[in-house]
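**Q** The lines below spell out each chain.
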Amino acid sequence: MANTISKNDSKVVGVPKKSLFSAENLQKFLAFGALMILLLFFTLASPFFLTFDNIVSITLSTCVNGILALGIIFVIITGGIDLSIGTVMTFSSVMAGVTITNMGMPIWLGIIVGILTGTFCGFLSGTLVSRLKLQPFIATLGVMMITKGFSLVLSGTKPIYFSDTPSFRQITAGSIIKFGAEGKYSIPNGIFIFLLMAVIAAIILNKTKLGRYNFAIGSNEEATKLSGVNVVKWKTAIYALCGAFAGVAGIVMAARLDSAQPALGQGYELDAIASVVIGGTSMVGGEGTILGTVIGAFIISTLTNGLKVMGVAQEWQIVITGLVLVLAVLLDTLRKRGNK
Amino acid sequence: MSDTLLVMEGIDKSFPGVHALDHCKFDLRAGEIHALVGENGAGKSTLMKILTGVHAKDEGKVIYKGQEINVQGTKEAQELGICIVHQELNLMPHLTAAQNMFIGREFMGKNKLFVNDGEANKRAKELFDKMNLKLDPRAKVGSLTVAMQQMIEIAKALSFDSSVLVMDEPTTALTESEIDELFKIMDTLKKNGVGIVYISHRMDEIKRISDRITIMRDGTYVNTVDTKDTDIQQVINMMVGRTIYETANEHNYTDLSQVALEVKHLNSGKKIKDVSFKLHKGEILGFSGLMGAGRTEVARAIFGADKFDSGEIYVKGQKVKILRPEHAVGHGIGYLSEDRKRYGLNLGETVEQNISLPCIDKYTNKFGFTNMSTITETSKDYIQKLSIKTPGPKQKVKNLSGGNQQKVVIAKWLLRDCDILIFDEPTKGIDVGAKSEIYKLLSQLAKEGKAIIMISSELPEILRMSNRVIVMCEGRITGELDISQANQEEIIKYATKREA
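Taken in order, these protein sequences are the chains called D and L. Going by my numbering, the first sequence opens with residue 28, and the numbers climb by one from there. Going by my numbering, the second sequence opens with residue 85, and the numbers climb by one from there.
Since the hints were made in silico from the structure, they are not lab data. Treat each hint with caution, since some may be false.
What the hints assert, rightly or not - For lysine to any residue, the following SDA-like pairs were computed, each having C-alpha atoms within a straight-line distance of at most 20 Å: (1) K159(L) <-> N257(D); (2) K236(D) <-> K224(L); (3) K236(D) <-> R222(L); (4) K196(L) <-> L358(D); (5) K234(D) <-> G188(L); (6) K236(D) <-> K206(L); (7) K252(D) <-> G165(L); (8) K252(D) <-> E163(L); (9) K478(L) <-> L431(L).
Claimed, not checked - Listed next, the stretches of chain L that the computed footprint assigns to chain D, with coverage defined by at least 3 CB atoms under 8 Å from CB atoms of chain D: (10) 148-162; (11) 178-188; (12) 505-513.
Stated by the list, open to error - Negatives, chain D to chain L, calculated, CB over 10 Å: (13) L77; (14) N129; (15) G131; (16) I165; (17) K175; (18) P186; (19) S190; (20) T192; (21) I220; (22) R239; (23) L253; (24) V256; (25) K260; (26) T348; (27) A355; (28) V356.
Being a predicted model, the structure only gives us computed values, none of them experimental. Glycine included, every Cβ here is placed at the ideal spot set by N, Cα and C.
Given these sequences and hints, build the entire structure.
**A** Below, the structure written as structure tokens:
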């Protein structure tokens, strides 16, 4: 006896549509397309844009922000946020400086100390968020201020220079790869470090258990927990991973500036988050791609550089970057709404 | 296949302020489908949560396959072979079907570092084939229908090689043919010796599929009966502790000539196609049709919740412009949405806060201060009038049972003095006893002169309550029947009348 009304469903259900125009691919194309449009625009707008040196400059300035973005995408995929990555980056560079310059330790030790510092700060944030159930915004805001303070304390509020160890600089600014006559064209190492970190991030996100649980927690944390996954442990690990990336960014930045600058750092987290969002990752969590993030980071540095080369004042650069961010999120929201 | 698989005895459980289970018992045989029935709050979910490791019992024994067990968590229960498919699905929408099924026990590649999705897909496909389920394991769960998602949950439970499968309200979101498929799968499981606990409010399904029925009431065990020897009416009486007539017809024969609401040529994209109808004062107009026929869309358009392309709405003979819900409410139209938890209530707020929300300005003076004591008194009135089971007006709505939550939503619109009420699936997820009270309420409202539209997918409900029935299919009105001409076959005929 029919109690509810029925449909005649004899077709096969549930086969995914693998089309070129699927939602994810569309977002990647949009971001990549936007980058191409920007490059085209600036090339036409200024003769100084499309030179080898300028392009190198763009990629170099992408490194630090890019590595930060690669770290924070993990946290954002869980639906959380980490406002401390900027100051944690600085704190890591300060710790490296203390180790190498103040304590005279070898460079490799300084690098390890720097990365471990970042990892520990991330672990702290993760514990506050997963175990103590603090809101990520508040918890990482607190960690941000604590690490900023410690940077100033440990450095005596003065920059720590790496002039005694000139090879430190080479990490970012030096070039393993040179070509052209007399090595005229050289690509800074920093870029390769960034690309290497991107590959590592992609492997972790897409191939490991950490990556799998990352998406699961972001998609439905309660269901993941009820499925027997130790959400507290994995969420803490994710924040620690983000901190580790911030540590690496700290080393790269310190090498580029040839010093650890304790007053810098705060504000970098916003560019990193902007890169991730422009690249198509949702702040709500559950989805995101490394490629999108890399493109997003390049969009921001291309935009900043292009405007500078065109002679636009710095204040206006910031305004325009903000507008681009709002536009990117708006388009993304409309696209997602259209898919429903 | 009559070996006893599971025995629960003397199970006692209390939460702060509530004695949820009072020395309950339950037993399950291998290869049987055992229905567990009871009103909301009877304790059936709590009993099953103890079985599946979500809660710990205070007293009592659980004997599984001849041995006493003390399960300390869902993972332990799953590993023993006791699984539950919840009513609210526990799936990650961004992950694929296979990834969801094997979450927490991923297959690792040879290097032990990387996750092996290929293996997961293979195993999932094997399981789907066994279930006769045509599903690609690589499909993202969020893109699938609720019915498919439910199948994935069942497959997940099966992948643990379960001997005991608890199914909590599995058919609420399924169409008739999907229910048939589900029952076929359950039959296969039966033959393989799996014991199934089937929690449901749908008496006809229970009659169709179960071997035995256990009834619970107010946290106590009432009785266990053999399905084939028992009349469903008896079961209902045992559930409720009083006599309820499930299939009585209640129609109002008041004067139905005054038109309260008229809709002319309503169109909205592909969802609403040239819909026109009249609603009379004192009438209950049933809206029937398949899921997706466009009934909710029509309701939301009339209520101003969604924009529409063209059409006219007349309230009491006057043409009105409704662009937003506040316009509709201003004209006396109230809408009780299908998903009361998401659209009808602020769960974190109290009963009185919810009831008074649409008309707070009635209780606010010109300086902006709200008179809370008057609101409390008024809420108490409605709690009594509608028999809302709650400790008081300051109880948080999320702590009420589904039926009582629905009554809070009704009170909200009554307080606002709405003359035109649109009910969208008013008894969804509500047990038999509370359903009966809602029907009584609807009849009473109609007698008082309210004009009611009742959207429902349950044919007995439509046939019982309506004066007239409008049937929709793919956005169009395909049939309009007076109750004297309406029966299940007629309605289904119109509901499936697709455009040529």
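**Q** Taking the hints in turn, state whether each one holds.
**A** Here's how the hints hold up against the structure:
no. : hint                : in the structure
1   : K159(L) <-> N257(D) : holds (11 Å)
2   : K236(D) <-> K224(L) : holds (18 Å)
3   : K236(D) <-> R222(L) : holds (18 Å)
4   : K196(L) <-> L358(D) : violated (40 Å)
5   : K234(D) <-> G188(L) : holds (15 Å)
6   : K236(D) <-> K206(L) : holds (19 Å)
7   : K252(D) <-> G165(L) : holds (19 Å)
8   : K252(D) <-> E163(L) : holds (16 Å)
9   : K478(L) <-> L431(L) : holds (12 Å)
10  : 148-162             : holds (count 4)
11  : 178-188             : holds (count 6)
12  : 505-513             : violated (count 0)
13  : L77                 : holds (39 Å)
14  : N129                : holds (38 Å)
15  : G131                : holds (37 Å)
16  : I165                : holds (20 Å)
17  : K175                : holds (35 Å)
18  : P186                : holds (40 Å)
19  : S190                : holds (41 Å)
20  : T192                : holds (35 Å)
21  : I220                : holds (22 Å)
22  : R239                : violated (5 Å)
23  : L253                : violated (5 Å)
24  : V256                : violated (5 Å)
25  : K260                : holds (12 Å)
26  : T348                : holds (29 Å)
27  : A355                : holds (21 Å)
28  : V356                : holds (19 Å)
Hints 4, 12, 22, 23 and 24, counting from the list given before, are not met by this structure.
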